[in-house]
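Trainee: Listed below, chain by chain, are the residues.
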Amino acid sequence: MDPVLIAQIGVILFTFVMLLTSAAILVLMERKVAAFLQQRLGPNRVGPWGTLQPVADIVKLLFKEELRPGAADAILFTLAPILSVTAAFAAFAVVPWGGTTTLWGLLPEPVPLRVADVNVGILVLFAITSMGIYGIVLAGWSSNSKYSLLGGLRSSAQMISYELSYGLALGAVLLLGNSLSLTDVVNQQAGHWFGFVPRWFVVLQPVGFLVFMIAGVAETNRAPFDFPEAEQELVAGYHTEYSSFSFACFFLAEYVNMVVVSAVAVNLYLGGWHGPFPLPEAVGGLWWVAKVFALLFFYIWMRWTLPRYRYDQLMHFGWKYLLPVAVLNLLATAAAVLYWG
Amino acid sequence: MLFYVLAGVAIAASLLVVGQRNPMHSVLLLIVSFIGLAGLYVLLDSPFAAVTQIIVYGGAIMVLFLFVVMLLNATQEEMPARTTIPVKIGGRPLRVGAILAAVFLAEIVWALTRVARAPIAGGEAVAATVQSVRQIGIAIFTTHAFAFEVTSILILVAMVGAVALAKRNL
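In order, the protein sequence lines correspond to chains A and B. Everything in the first sequence is counted per the numbering used here, starting at 3 for the first residue and increasing by one. Everything in the second sequence is counted per the numbering used here, starting at -8 for the first residue and increasing by one.
Simulated from the structure, these hints should not be mistaken for laboratory data. Ideal Cβ positions, reconstructed from N, Cα and C, are used throughout, including at glycine. The reader is advised that the hints may include incorrect statements.
Which bits of chain B does chain A cover? Going by a derived footprint, with three or more residues having C-beta under 8 Å, they are [to be verified]:
no.	segment
1	15 to 27
2	41 to 49
Restraint ranges, calculated between C-beta atoms of paired labels, are given here [unchecked claim]:
no.	chain 1	residue 1	chain 2	residue 2	range
3	A	L288	B	M150	44 to 52 Å
4	A	G72	B	R12	18 to 26 Å
5	B	A136	A	F198	39 to 47 Å
6	B	A3	A	F247	28 to 36 Å
7	A	S245	B	V59	28 to 36 Å
8	B	L34	A	Q41	22 to 30 Å
9	A	G72	B	F139	51 to 59 Å
10	A	P326	B	A136	21 to 29 Å
The following block holds chain B by itself, in its conformation from the complex (with noise of 0.2 Å):
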């Protein structure tokens, strides 16, 4: 039952988000949908994703789209068109744009029908380690160290590319 409240919560905050002229309400309806999802990591029992999703997306990464908002003062966004359908299919970002989405919809129909048929092998051990969160640090620190440390040079490489493009004379 909950479930499907916070599920029915996080889908139409999504759909609003696209639908919103302004891209303030957009960034908060955003906010809403990641609340949802919260909600749903505390029933799949951990605390502690739920609490990271929180903290990590609604809290930090969307203060600094807000501040972007902000900033740019985009009080309203500018439509070229009135019309709310581009008629131009043929530009190249869209057709770009399409193919992406072509591939992440069967990505996702292809995940789900492998999960699906499958059944889920230990899951009271992968509870355990969702739950605990020693259990998550020493899963990250030794198993997966290989996939945190090429994370970790991901994302100074965006900081780096960041500030390099940020400052053109350092």
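So that you can see chain A by itself, here it is in the shape it has in the complex (with noise of 0.2 Å):
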């Protein structure tokens, strides 16, 4: 067989791993940051530093009895968080997570470190996104509960506002980059200017780079903006009713859409995996690591940090402050491109 075409299978195999890894450690870096956030030890008992409690969560989560109310909508109520959970990982399969490997010369050609490169990428991702609003949604109306439709209905009245500024942000990107495709993106990002700023779209959108994260946070239901599961107000939401299994596809799905949001944003604001500096070529992946990382520690410190907002002043920031931002971002942007460009 063609060594290169092993070579692909192997980087979408071991995207898929990573993927899965990355939320595992979310979870336990979830825990150990809000831990020292609150001056606490966090998990410390299973295995060296804790480093084994995603794998004790997980075991305890699947050992659990699948539970389904009487009154639920059978069909739906199974299919949401496989819906759910395929568009987390489906939307990872248009993002690039490096440049291209020979493996040290092991290839004859270079492979390209991505699963898909579609020349849509960027719209596909968006599309994917919006689907995955369906799997929250149908956990909310199928489980026939008042807290999980009250959820339901409120992550997809959240998801619709803010999806708009975060369409609007990647427009803005989109300008300056001259293409739909996430590849062509970053690579128009390398190099530096005045010879130690980097190329990165940050520089030159920096309204549209905090507009995109306002909106990820949103889009991902992640606190402040986490009403879907506002623990006071309605129990759990959404997954009030899953338990073992089906909670667990929900909790994986959260934390690889964080994944997603975070690596969408080092893609198109912070140079992908063009780093300051370069390095070499063994360790040059680990810019993209490090950023995603940054983005994603962001996250845990946000969440364990400023209190939840309240549901109507999210709606109210959503349609009267950050979409008319994104929108003179976008304008600014075009003509600047039309000015300069």
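Join the two chains, each given in its own frame, into one complex according to the hints.
Mentor: The structure is reproduced here in structure tokens:
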């Protein structure tokens, strides 16, 4: 068999496994960071420094009983977590996580480090993300419980509202990058301005980056925008009635979605795998991983620092501040590209 | 081969949409049908149209549909009588619907016979226009600028109308 083909299949499998692993690392990271922010020790019983805690968590979840409320819609109740987790993983398919590699000369030609390079990549990402909403909405509706329904309703309203700002922030980067492929956008961020400022789009798009990150946090339903699962009001929101593996699916989907949003932000704004200074090829991918984890740390840091907003504040903010700012940013970028580009 | 699979999924889902008692299931089957259509666009070498189909129809519009169905909480369609075929065909809405359906059918037959007879002129150029996002943009804002602006005004009118209906006292 062609070694390049095997390498490409290997890249796909590796991406999938790494995505799963990163979710497990995030679970531990979340608990450890939360503990340090609250002056606690965090998990430290399972494995050295609590490193095996995610494994223990998963095993515990899988051995629980799978419950389904009697009045639930059986088909949709089963379908919802599957949809959620599938959309989360599928979205990563168009996200490149490195340039090309020859595996230190083992391969006859360089193999790109990504699952698929679609020429409308960013739009595909957007389409898959919008499919992910159905998982949450259906979970909320099919559980036939008032808390779940309210959680599902809130999340759909929230995701529709913030998807607009998210898309408009993306649009401004596309104008700069002049391409819909994430690989092309990253490749345009190589090099430096004046010899020391990295050519990252965050320098040109500080407002866009801010809008993107706020909308990204809202899209992934994370604190301070975690209304679909506001514990004090809704028990656990859309996944109140879920247990065992289907609950694990929602859990996994949330963390994978965080990784996807961070990875897209790194590729669009923070120069992807291009660092401020180049590293040797063997560890070249470290820039990308380091940037993604820096953003993920920011996510966790924010969750344990900021209190949850009120629901009307969220809607008010999304439509009356974030969206106009995103529109103005897009118009200003378009004018600038027309003038200087 | 893939065409028949996708077309089959789209048609089967569309037929099932009409047959469902539960409006929630209807909405979801409609999404499946839209995704089938998007697959057909990919086969026609226009990934942009396919992705737009999923974002606009599969994503935005159907989420709003779901929202409405959830808020109305219409778990089961209320039927006045248990008969599936309405006995009273004399009703005015039904008559209008029947006339519209007949017109629509005639239109489809006319369009299909016309397309089948005439060979597609400049197929290569058309394919190139559909493929590239840049060329779609140029076509919309130059050749089809009038149609684009008229559509925008139509949507604006609909939006103003919706606000006017929803908010009695502005």
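Trainee: Enumerate the violated hints, using their earlier numbering and listing them in ascending order.
Mentor: Per hint list: single violation, 8.
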